[in-house]
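Asker: Each chain is listed here by its residues.
There are 4 protein chains.
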Amino acid sequence: MAISQGQWHPYTDLASEAAGAVQGAARQQLPGVTVQEEQGDGFTVTRVHVHGPEGEQAIGKAPGRYVTIEAPGLRERNLDLQERISQALAREIEALLGLPADAPVLVVGLGNARATPDALGPRVVEKILVSRHLRDVVPAELRGDLRPVAALAPGVLGTTGVETGEVIQGVVERIRPRAVIAVDALAARSVERIGTAVQLADTGIRPGSGLQGRRVALDAESLGVPVIAIGVPTVVHAATIAYDTFQLLATRLKGRNAFFDLYAQFGPEEVRRLIDEVLTPAVGSLVVTPKGVDEMVEDMARLIAGALNAALHKGVTAKELMRYV
Amino acid sequence: MAISQGQWHPYTDLASEAAGAVQGAARQQLPGVTVQEEQGDGFTVTRVHVHGPEGEQAIGKAPGRYVTIEAPGLRERNLDLQERISQALAREIEALLGLPADAPVLVVGLGNARATPDALGPRVVEKILVSRHLRDVVPAELRGDLRPVAALAPGVLGTTGVETGEVIQGVVERIRPRAVIAVDALAARSVERIGTAVQLADTGIRPGSGLQGRRVALDAESLGVPVIAIGVPTVVHAATIAYDTFQLLATRLKGRNAFFDLYAQFGPEEVRRLIDEVLTPAVGSLVVTPKGVDEMVEDMARLIAGALNAALHKGVTAKELMRYV
Amino acid sequence: MAISQGQWHPYTDLASEAAGAVQGAARQQLPGVTVQEEQGDGFTVTRVHVHGPEGEQAIGKAPGRYVTIEAPGLRERNLDLQERISQALAREIEALLGLPADAPVLVVGLGNARATPDALGPRVVEKILVSRHLRDVVPAELRGDLRPVAALAPGVLGTTGVETGEVIQGVVERIRPRAVIAVDALAARSVERIGTAVQLADTGIRPGSGLQGRRVALDAESLGVPVIAIGVPTVVHAATIAYDTFQLLATRLKGRNAFFDLYAQFGPEEVRRLIDEVLTPAVGSLVVTPKGVDEMVEDMARLIAGALNAALHKGVTAKELMRYV
Amino acid sequence: MAISQGQWHPYTDLASEAAGAVQGAARQQLPGVTVQEEQGDGFTVTRVHVHGPEGEQAIGKAPGRYVTIEAPGLRERNLDLQERISQALAREIEALLGLPADAPVLVVGLGNARATPDALGPRVVEKILVSRHLRDVVPAELRGDLRPVAALAPGVLGTTGVETGEVIQGVVERIRPRAVIAVDALAARSVERIGTAVQLADTGIRPGSGLQGRRVALDAESLGVPVIAIGVPTVVHAATIAYDTFQLLATRLKGRNAFFDLYAQFGPEEVRRLIDEVLTPAVGSLVVTPKGVDEMVEDMARLIAGALNAALHKGVTAKELMRYV
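Protein chains in written order, with the working numbering: chain A, 26 to 350; chain B, 26 to 350; chain C, 26 to 350; chain D, 26 to 350.
Accuracy of the hints is not assured; some may be wrong.
Since the list gives no way to pick out one identical chain from another, each pair is judged satisfied if it fits inside one copy or across any two copies.
Each computed SDA-like pair below joins lysine to any residue, with the alpha-carbon atoms no more than 20 Å apart [said to hold, decoys possible]: (1) K316 <-> G233; (2) K152 <-> R139; (3) K339 <-> L104; (4) K339 <-> R172; (5) K316 <-> E188.
Simulated from the structure, these hints should not be mistaken for laboratory data.
Since this is a predicted model, take the numbers as computed values, not measurements.
Please build the complete structure, drawing on both the sequences and the hints.
Answerer: This is the structure:
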């Protein structure tokens, strides 16, 4: 079944999925989007570059650079692989950050610490080696390129009454970091990517993204400094499962007698309407997540915190740093 | 579309759903199953009695009594309603328990405390007023009908290496309660029942039930004492969403030209195969749960613990008890 | 043994203790300090008013009003008493706040959520009914005097790298509350006050106070809005135990032959030096806390959150509010 | 000041402290006790062997072998040192265990997960790689010397109503391990040992030991299999601070005129009585612990779990094991 470009697709926070879905279907070069793949040892790095409004129109992602590291092996909790990916991620963070070794950085953990699939951000923040408060403690000769790192998990609107963006803006104005790194749980399009991919983007966080559907942007415009977003898909919207079932049905019926009748009845708009119907208001807020979500979130939080600690503290080793913590 | 009895249905732990699904379809009296409904103030009590193997065959639930209290209003976090349901639940627990006021009881919280949708049991246990160790502390004249209550959250196989059933058997042999009450997170068939229903059963816990799919039974046979199961649906298996989509498709197509062609192609077996196909091994372990799962589990844990504390400590008030805790 | 006024005293965050210690010893009216006691049902309310620098000099507390509610019975986890004190506290909060029913308020939970004796603030924040984000959700006719309440637990310097004061300043500038209420774990002078007293003050939080020894002030001057501090003693500094031993020794020796020799050797300065000696750097950061600190902190967090929810949401009942949360 | 042997000493769970305190005072060989010290890189290993009732009488510890690894550097959170000590501990565990590589072992985490200073045991258990349930999952050719390891945190009497010993006995009877390893938070005599020492003993857990003062024994006699105890001091009883003050006073007064008068008045019994007096019932349950207790407990839990995972899983690497977890 030919899915025409522009048709409804299940939502994904991953640019690599957004680009892939359309490309796979359209079998053509997407205007304003360049996609590059690179093979690592047990993982794939996909770089999606969205150029201007044309690119945004094509895949529904803000213009900017997106790097996705993907490794189905992460599902097996392979420690070696986790370590290799953490190192690869550290390199990508450094490259995207592009700051002097002593430029101050604020790490922000978005999401709800008490709801496991949404707890990625807060759990990363727990593991960050903060150093901003150590300047007066560390001897000058050791200070060298000690980067002032701060880390904050501002909680979610429902439990604080304050937009995450407001808290971050307030803190950024006070402590004036040179960049903000925002970690968030994401929604993927494919259940196979839950817990097996990390996305890095220089676009910041957009409204509507993330597991909670962020209400405000966290980006260079709203905060006045570059915002790097790091995310891991921890859920798939329930709608996606419905959509997949439909697609499978369509595929299975293809080539049989009844197919053309069916196809005539279900155009792109009907697909969308059908899914809207399956998703009653109650279902709309549902997400699909693995039973072992806690271990997955913990593993990925460790992987990302490890990468951040390595990328942010180049001048002083973590071991040296720990002495002053 | 006539779904013949015996066809595949999405799995549910709720007897009221199992009975309802089949009844709704078959529009006939189920053999060996009696269903009774009662209206409360803002909630419905459904009593399903499964008689012998005939009843078990009809709805796939072990013979015994199942009481479901259902209240869509729970979704709105209505405190009054929560209180009314907690009191109704306390009455049902007392009736099902049928023990003297001083007979010792063990409350068991099944599930994984660190994975929110599965944490219902451990969170209830945290809130139980235990009293088994107070016998020596409480003055004899106050002891009266003080029931020795113990409460245990034995963890899950994946993090302990021990079957929950083995831990419980070991403890039951040691402390010899007159009954075990096992609290567990359940899987429902309909997303509307997530967090809006409580099921009470005198059948204990069956293998395959619960969010994790219990591997062993916790029942009168395995433990040597009656086992009352209390559960709240916190998830729906991802398969159910796929199934719902198919059903909706079938309903929509009904009466149109293509319907008969389609129907010819999809018998009950094809439905099952199709869903199995959608559910790759990866998808098989996925569950659908609301984003606000943490608040929901906490509310329901408080409701159940409140009901248990009221039902188990009739002779001594909670306030009196707290003095010795 | 006559302890002259001005001598070293073990540190306390409680103004009632500070006034009492000196008064008890000096048996005279303290200059610039008025102390008033009031008896409740099972509890005592002590109002200390520190007038200007003279009062501050006398008891080492910033000028302002301090209200301490004290109830040894809280140790027994008496639910009725908890409820009565929560209501009394709500009245005191309202009186001290003195704001219109719809004036926005920010509740701040100071301290480290992961270190039990210091977790009071974050645990109170968890239980606050926030409403600031509900203005658009609640129907206008219900909104009435709905007070916009926000609640934040900004973490501690050691894990965020950011001074708590900086986070609060940033957020206050953004959301412009009319008052800030800061909840913090306190250090008492007497172990009997651990978990049995609540202090309310209109002076805000002073540097050096609290379990962690706050580094910066959180007060009207630093934040630009009134700051009400609410605290519960959860620890006693280890130094205090040493001091108590010394005092007891002195008392015991009094009237015996050796006493005068001893007394000649230990003037006020010697006492201080002796204690400094006992307290090696390692001991300096030690605190004394009960084994059952977790239950105590949880009980007191519930008591305070209950009082805050009642005092802040007068126009709309908690039950109504929950519908929109 | 000569403290005669047999005088009251502040309680300690550490055999090395118990032996040291008496030895230091008595300057003589203790009957029935052999003490051996060994220097590691940054740490000291002390082996205390208590021979029969004579040794027990001398230092108040059950007959058996005690190994204490002590490293003041742990206070500085030195990662290298943590790693070296973890490896040393792994070797000691293996030596004390003395079991074939595939003999089943049960790790038990004693203490209250919700009270930080007492949470060591439960936090170690969280980090243990359990494998007992993997026998059927791991391919036979990989199984090799896979040791079935189970791990349980049975909670505390106050929240379960069941003696920890009863739960463990029940589970041991069910799963029949060849040895039990019990991890517990300890009370030390010196604040300098909080978080800087690990004790390993082949005597199991004795009544009265640990932060909570265990009520029952967990040893070879009660469980029918050898019990190895692993502990870290996380608190000092508040009484100890009082005692230290007294000792310091006595030392300071020594050589001055008044000393002999003082000494005449305070014999061993008076010391005990004095301290009993300082410790009112309220104070009796108080413990001294550092403010940063959370990080300390987490660090030590990681160190111990790392040592246990290394010592217990020799045949299969942790990395291999993780694939099946």
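Asker: Would you pick out the hints that fail for this structure and give their numbers low to high?
Answerer: Every hint satisfied by this model.
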